[in-house]
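Novice: Residues per chain are reported as follows:
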Amino acid sequence: MVERKDKTARLRISRGMPEGKPYYDNFDVPYEDGMSVLDALRWIRANLDSTLAIRYSCINANACKTCMALVNGEVEYTCIAKLTPNLITVEPLPKRPLIRDLVTDIVPEDEKL
Amino acid sequence: MPHLSTDVLVIGAGGAGMYAAIAAAQHGTSVLLLDKAQVGRGGATIMAQMTVAVALAEQEPDSVELHLEDTLKAGRGLCNEELAALVCAEAPKRIREMEQWGTRWARENDHIKQEMAPGHSVKRCCYVDFLNTGPAVAATLRRKVSEMSAIRRISNLAAVEIIVRDGRAIGAVVLDLVDGELIAIHAKAVVLAAGGLTKLFERNSASANMGGEAYALALWAGAELIDMEFVQFFPIGHLAPRLVGMDPIMWDPFRYKLGGKLLNGQFEEFIDRYGSTDFGQYNATRDVAAYAILKEVEAGRGTPHGGAYLDFRHIPEAQLRAAFGPVIDRLLVNGIDLTKTPVEVGPMAHYHMGGIRVDVNMRTRIEGLFAAGEAVGGSNGANRLSGNAITEAFVFGERAGISAADAARRGSAEWDEKFADETMERLKSLGEMSAKNVIAPIALQVELQKLMWEQAGPFRTGDKLTSALSRIEEMRKKDLPECRVGSEHRFNPDLHDWFELRAMLTTAETIVRSALARPESRGAHQREDFPIADYRFLKNQVMEIKDGEMAARWSVPGRLDRSQAIHG
Numbered sequence: 000m001v002e003r004k005d006k007t008a009r010l011r012i013s014r015g016m017p018e019g020k021p022y023y024d025n026f027d028v029p030y031e032d033g034m035s036v037l038d039a040l041r042w043i044r045a046n047l048d049s050t051l052a053i054r055y056s057c058i059n060a061n062a063c064k065t066c067m068a069l070v071n072g073e074v075e076y077t078c079i080a081k082l083t084p085n086l087i088t089v090e091p092l093p094k095r096p097l098i099r100d101l102v103t104d105i106v107p108e109d110e111k112l
Numbered sequence: 000m001p002h003l004s005t006d007v008l009v010i011g012a013g014g015a016g017m018y019a020a021i022a023a024a025q026h027g028t029s030v031l032l033l034d035k036a037q038v039g040r041g042g043a044t045i046m047a048q049m050t051v052a053v054a055l056a057e058q059e060p061d062s063v064e065l066h067l068e069d070t071l072k073a074g075r076g077l078c079n080e081e082l083a084a085l086v087c088a089e090a091p092k093r094i095r096e097m098e099q100w101g102t103r104w105a106r107e108n109d110h111i112k113q114e115m116a117p118g119h120s121v122k123r124c125c126y127v128d129f130l131n132t133g134p135a136v137a138a139t140l141r142r143k144v145s146e147m148s149a150i151r152r153i154s155n156l157a158a159v160e161i162i163v164r165d166g167r168a169i170g171a172v173v174l175d176l177v178d179g180e181l182i183a184i185h186a187k188a189v190v191l192a193a194g195g196l197t198k199l200f201e202r203n204s205a206s207a208n209m210g211g212e213a214y215a216l217a218l219w220a221g222a223e224l225i226d227m228e229f230v231q232f233f234p235i236g237h238l239a240p241r242l243v244g245m246d247p248i249m250w251d252p253f254r255y256k257l258g259g260k261l262l263n264g265q266f267e268e269f270i271d272r273y274g275s276t277d278f279g280q281y282n283a284t285r286d287v288a289a290y291a292i293l294k295e296v297e298a299g300r301g302t303p304h305g306g307a308y309l310d311f312r313h314i315p316e317a318q319l320r321a322a323f324g325p326v327i328d329r330l331l332v333n334g335i336d337l338t339k340t341p342v343e344v345g346p347m348a349h350y351h352m353g354g355i356r357v358d359v360n361m362r363t364r365i366e367g368l369f370a371a372g373e374a375v376g377g378s379n380g381a382n383r384l385s386g387n388a389i390t391e392a393f394v395f396g397e398r399a400g401i402s403a404a405d406a407a408r409r410g411s412a413e414w415d416e417k418f419a420d421e422t423m424e425r426l427k428s429l430g431e432m433s434a435k436n437v438i439a440p441i442a443l444q445v446e447l448q449k450l451m452w453e454q455a456g457p458f459r460t461g462d463k464l465t466s467a468l469s470r471i472e473e474m475r476k477k478d479l480p481e482c483r484v485g486s487e488h489r490f491n492p493d494l495h496d497w498f499e500l501r502a503m504l505t506t507a508e509t510i511v512r513s514a515l516a517r518p519e520s521r522g523a524h525q526r527e528d529f530p531i532a533d534y535r536f537l538k539n540q541v542m543e544i545k546d547g548e549m550a551a552r553w554s555v556p557g558r559l560d561r562s563q564a565i566h567g
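Line by line, the protein sequences are chains B and H.
Per numbering that gives the first Met the number 0, residue 0 is the first one in the first sequence, and the count goes up by one each step.
Per numbering that gives the first Met the number 0, residue 0 is the first one in the second sequence, and the count goes up by one each step.
FYI, nobody ran anything at the bench for these hints, they're computed from the structure.
It is possible that some hints are incorrect.
[To be verified] Per the computed footprint, the stretches of chain B lying under chain H, defined by three or more beta-carbons under 8 Å from a beta-carbon of chain H, are: (1) 29 to 36; (2) 47 to 61; (3) 64 to 78.
[What the hints assert, rightly or not] Now the in silico label distances, taken between C-beta atoms and shown as ranges: (4) H:Asp462 x B:Asp48: 45 to 53 Å; (5) H:Glu472 x B:Gly15: 36 to 44 Å; (6) B:Leu47 x H:Lys476: 47 to 55 Å; (7) H:Asp405 x B:Tyr23: 53 to 61 Å; (8) H:Trp553 x B:Tyr23: 53 to 61 Å; (9) H:Gly324 x B:Val74: 55 to 63 Å; (10) B:Val74 x H:Glu267: 45 to 53 Å; (11) H:Asn360 x B:Thr88: 51 to 59 Å; (12) B:Val74 x H:Lys545: 48 to 56 Å; (13) B:Leu92 x H:Asp546: 23 to 31 Å; (14) H:Asp405 x B:Leu47: 49 to 57 Å.
Don't be surprised by glycine CBs; every beta carbon is placed ideally from N, CA and C.
Modelling step: build the complete structure from the supplied sequences, incorporating the hints.
Specialist: What follows is the structure, encoded as C-alpha cells:
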C-alpha cells in the first residue's frame, strides 16, 4: 500500500445559523487514499475548528444514516462520500430547516420535544 | 425551569433501551425514551453485523445449560452466574419474540440457520443476511416502539445527571443538543441503557456516541460498578486500507467461514506461538488472538499500520464471492480486492464486560434506578463470548423494563421543582467556564483516547496505569473546568463534547483504578508485569463513590445454585 500523505484536500464549508447569511470557511486537510468526507470533517473539528457543527453517530458503517449533507451539490452520506485531493464544497441539506453549519433538522416530528 | 414527566424514563435507545421501553409500556406504564443521537439509530446495536447467540437447537442439538457453560468458560471464572444464566435461559424467548415482531432471521430447510462462532461448542449463532443483523433488529424495535402509544420518543437529548433524592432516583437532567438548554425530567423509575465505552479508546470499533456515560451517571447517582478493568479488545478490527461504509469488525464471520489466514508482517502464521491453535480453523478466543497480534507487533513483526494481515488469497474467487455475497462489491468500491491483497487487522476496543452492578431484576442499589444492555456489568466476567451482546441487550432490556414498570406502579417520592433546580444550577455553574478557557473539549477527548489506548489498552503495566491515572485526575480537576464552549448554545458541538468529556473522564478513571488494583492477567485484562492468572484474584472489583472519592473493594462472583433448574 503506497500512502500519499503529502497531499491535501481543501474543504469549502458552509457555516452559520438560520437567521444570518451563510458564509463559507475553507479548511486544508491532510489527504490519504480512501478517506471519507466525514473523516475530513471530524479532522477539522479535532484539529482546526471545534465549533464546526456536524451530525453523525456510527462514523464507519453507514448504519445510522444521520450524516447527510450536500457534497459538491449532491445529497450524500458524508461517511461514504469519498474525499479527493481537490476542492470539495460541503453544505447543509437544502430542503431541511438549518440549525447550524452543516446540521439540519432531520429528526421526525414525533421524536421531538 | 422546563420539565417533563413520565412513569419510566429510558436513557439510550439502542437494542436494550428500546426493548426496555416496549416491556415497560406493555406493563401499563408511560415511557419516555431518549437518545442523544436519534432513537434506534445510535449506539452499538445498529453496528452489529452478526451474530446473536441463542440456544434454539434448530441447527443441531443444544441447550441453555450448554450455552451457559460456554459463556462461563469464556468469562474466566468471573461471571456473575445468575446474570449469565438469565441471558442464556431467556434468549430463545426473546429471539422468537423478535421474529414475531418482524425480524427475518436467516433460514435454511425450514429452520432458523445457526452458525458456529468462536468459543461456542455447537452451531448456535443466528443472524440476518447480509451483515445486516444490527440494522435489521434495530428496525424491528423502532417499528414496535413507534406503534406503542404509551412510549414517547425524543431524539437529541443527552442525559447528564440522574436526580437522586433520599436514596431514590426520581429523574434526570438532560441536555437538549439542539437548543443547548438543560431540561429536568421527573420519572418514577429510570433505566440506564446508554451502552458501553468504546469511545474512550483511540482504536475502537463501535458507534462514536458511547463514551461510557451510563457508567458515570450510575456512579454519580450512588450505584456501584463492577469489573471496570475488563474492556474487550476485538482482535481483528479493520485497520487498513481505509474502509468506509462497513463495520470495522466485519471480518470475523468470513475468517471463520473461509479460513482466512492471520499472518504477521513477515507473512508467517503465529497464533500457535501463544498457546492456541488456529491453523485452518477459527477457534482462538478473542483475548488470545488480540494478545498474539500485539505481541507480534511489539516484536517488530507487525504490519505497516501496527496489526496483522488477514489473507484470503488462497481461496478461489468463486468461493469468496459465494461467502461474501454483495459485500465483495462494497469492498471493491473501497479499492479492496481480496484475491490480490491481504487487509490489515488489529485489536480495537469493542465491548465492555464491566458495568453497572445489578441483580437479576436489573436493579442497582439505588431505588428506582435500573440498567440494561452493555451498561450492565458482571454477566460476561473477564471476557465475553461472541454473540452474547445483542442477546443480553434483548434479555436485560425486557427484564429492566418490567422491573422499572413495577417500581413506577408502586409510586414514587414527591417531585419538587427545587430538586431538579439544585442539580441544574450546579451543572450550569460548571458550564460557565473560567476566563482562561482556551482548550476545546474535543482536544482533551482526543488526548484521553490516545492515553487510554497506549496506557490502559490491551497491554497494561503498573507504571503506565499510574501515569494514566495521574493525567486523568489532572484533566478532570484542572482542565475540564477550563474548557472553551462558546456562548451560542444552539447545536454547540463544544458543549456536547464538554458534557461527554465530563463522563468520559470519570469512566476512564474507574477503568484505570480497577486495572491498577488487579495484579494479574485474566481474560481481557493483560498486565505485562503480572502475566499469569492468579487464583487469589478469582473475584470481582466493585467500585463506588465514598466520601466524594472513588473507592474499590473485592467481591466474590455470584454463583448459581446448581441444585436449581435454570429458567428465566
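Novice: The structure should be examined with respect to each hint, and the outcome stated for every one.
Specialist: Status of each hint after checking the structure:
{"no.": "1", "hint": "29 to 36", "in the structure": "holds (count 5)"}
{"no.": "2", "hint": "47 to 61", "in the structure": "holds (count 12)"}
{"no.": "3", "hint": "64 to 78", "in the structure": "holds (count 3)"}
{"no.": "4", "hint": "H:Asp462 x B:Asp48: 45 to 53 Å", "in the structure": "36 Å, violated"}
{"no.": "5", "hint": "H:Glu472 x B:Gly15: 36 to 44 Å", "in the structure": "39 Å, holds"}
{"no.": "6", "hint": "B:Leu47 x H:Lys476: 47 to 55 Å", "in the structure": "28 Å, violated"}
{"no.": "7", "hint": "H:Asp405 x B:Tyr23: 53 to 61 Å", "in the structure": "56 Å, holds"}
{"no.": "8", "hint": "H:Trp553 x B:Tyr23: 53 to 61 Å", "in the structure": "58 Å, holds"}
{"no.": "9", "hint": "H:Gly324 x B:Val74: 55 to 63 Å", "in the structure": "27 Å, violated"}
{"no.": "10", "hint": "B:Val74 x H:Glu267: 45 to 53 Å", "in the structure": "47 Å, holds"}
{"no.": "11", "hint": "H:Asn360 x B:Thr88: 51 to 59 Å", "in the structure": "54 Å, holds"}
{"no.": "12", "hint": "B:Val74 x H:Lys545: 48 to 56 Å", "in the structure": "53 Å, holds"}
{"no.": "13", "hint": "B:Leu92 x H:Asp546: 23 to 31 Å", "in the structure": "51 Å, violated"}
{"no.": "14", "hint": "H:Asp405 x B:Leu47: 49 to 57 Å", "in the structure": "51 Å, holds"}
When held up to the earlier numbered hints, the structure conflicts with 4, 6, 9, 13 and fits the remainder.
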